[in-house]
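J.: Each chain is listed here by its residues.
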Amino acid sequence: MSFNDIFECHSWEETSRSIYAKTSADVEQALNASKRTLEDFKALISPAAAPYLERMAQLSQQLTLKRFGNTIQMYVPLYLSNECNNICTYCGFSYDNKVRRKTLSPMEIMEEVAVIKEMGYDHVLLVTGEANQSVHTDYFKKVLELIRPHFAHISMEVQPLDLSDYQELTPYGLNTVLVYQETYHEEDYKKHHPKGKKSNFQYRLDTPDRLGQAGIHKMGLGVLIGLEDWRTDSFFTALHLNYLEKKYWQSKYSISFPRLRPFSGGLEPKVAMNDRELVQLICAYRLFNEEIELSISTRESVAFRDNVIKLGITSISAGSKTNPGGYAVEPQSLEQFEISDERTAAEIAEMIHKQGYEAVWKDWDMSLTK
Amino acid sequence: MLKIADKIFSSRLFTGTGKFSSPAAMESALLASESELVTVALKRVDLQDESDDLLKHLNYPHINLLPNTSGVRNAKEAVFAAQMAREALETNWLKLEIHPDPKYLMPDPIETLKATEELAKLGFIVLPYIHADPVLCKRLEDAGTAAVMPLGSPIGSNKGLKTIDFLEIIISQSNVPVIIDAGIGSPSDAAKAMEIGADAVLVNTAIAVSGNPTKMAKAFKIAVQAGRMAYEARLGQVYSQAVASSPLTAFLDDEF
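Protein sequences appear in the order of chains A and B.
For the first sequence, UniProt numbering gives the first residue as 1, with consecutive numbering after it.
For the second sequence, UniProt numbering gives the first residue as 1, with consecutive numbering after it.
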């Protein structure tokens, strides 16, 4: 059985109707439950939960402190390439976006690494577009080999790969793979991804199963908030998470909340999500799942990030550049999206410290998975 | 309704056949319990004798026999016993019990995992008796077990759910039915096990050694139904939350 067997039993429309039909009694029941179910999650992300936001935040804070303590994990993205054969209506790297393409050479990667290390990072997230001629498993192997001595934890957010690719990359030091479904609305997914390998909805949907089979240490899930109704999309993410946790029980999981941001050639979000709703979603995930890591990126504003770290978030990026070479090689090249919080990693760490938390830079060691 | 492998059970109370004062007392209690899955120790029955006294008293259409391997000490012996049971009792269902320790009858996790892997490959519906070990339960799932049967406390002790914290973890992450086995000493223990989300309980000693096994079996039947009903109705949270003096979401009212 794969997630698809479960996915096929749930219609988008019916799920959506069910979320919007939740009442304050359903929310009360979810808040008071000793164990929360997927139906509770629906109630917590529904419009009916809006008046309960403060209570959700209090509970979310308590549960997060219980499991994660007063700590926030630090990570930073390293964009390796903006080459991409996909057309994605919302992305600056889209194939039809006429920008100069670049894939970092080994020497350029090391220049970037030097700057990232100076910032204090030990956890790096490698990011690329999808260009299988130049950015492929062999390329990733070389990159991992090159940077492995410099980082304790290496994550990847690249195109979905075959099971055998993940199995090949793991011994090279790959710890975590992030693969966002973008949207679980199959028809709209196809509209947003009209060309390229990414247009294969099913292959993407099956990716976390392949990661689980490959024994990847941690996988990150999420949707791109703004493409479709965020409540329904988030329910499907929770459904996916629930299935994966039980089946691939030796892996860890994280959820991210990327909201559509302006970029070169931009798309207006179909569905806007305000800050209050994003807080609701973060708290709903925490109340649903006490163990899940919740991550927030520099897409969000300074004021929002300063406050949200106490509400359930467990990891944060800072000082991020979203263009290949952005740290040292070509700081002015095209970004994948604009960032909102431009503070340095040190400034973010200071902010975290002032709020009574520890900024954790290293939380793994390669020797543990050799 | 509870489904294990391809069988549907309307009763979530499973019972055992040991320690009764007579086969007749056992029969009366088991009928009162309305249990549909009854475990029987291979070492107690004469597999060659179709008119075995114990089996004769279990000959009801609603009662499914669950032979157990009590007495074996390792995986090899368990597999051999399972094959014998399948041939003699014409069932591929098996309660796998491997306890090399004759004093406390503690299940051997390593041999149990080995035997489960092999028996599942041989087509058995394996229900292993184990410690309340969440990792072992997931390992058994990967090995192809049909259910897991973690102990509530030492077998025959009537001490109740001493392992409740671990049982809750097992229940929360299991993809197969969780049957709490061993240690359940009273109907309230059984109700509690059901309230926390167990799919079924297996009770033997508490019924068999009670002053009135038939009445006690009926009490267990009702307790299991009540516990399940409470679970389905959903329990509320036990702890109360303090209301913080400075709201966490006030910042959302500010204009950024």
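None of these hints come from the bench; they were simulated from the model.
Everything numeric in this text was worked out from a predicted model, so none of it was measured.
Hints may be right or wrong, so weigh each one.
Said to hold, decoys possible - Quick list of simulated restraints, FRET-style, between CB atoms:
1. K121/B / E111/A: 50 to 58 Å
2. A303/A / R234/B: 54 to 62 Å
3. D6/B / E13/A: 28 to 36 Å
Stated by the list, open to error - Now the stretches of chain B that chain A is said to cover, found in silico as 3 or more residues with beta-carbon under 8 Å:
4. 26-32
5. 171-184
6. 225-237
What the hints assert, rightly or not - Covered, in the sense of this in silico footprint (three residues per stretch, anywhere, with C-beta under 8 Å from a C-beta of chain B), are these stretches of chain A:
7. 20-33
8. 50-60
9. 213-223
10. 242-249
11. 273-281
Don't be surprised by glycine CBs; every beta carbon is placed ideally from N, CA and C.
J.: Hint by hint, which ones does this structure get wrong, listed from lowest number up?
T.: 2, 4 and 9
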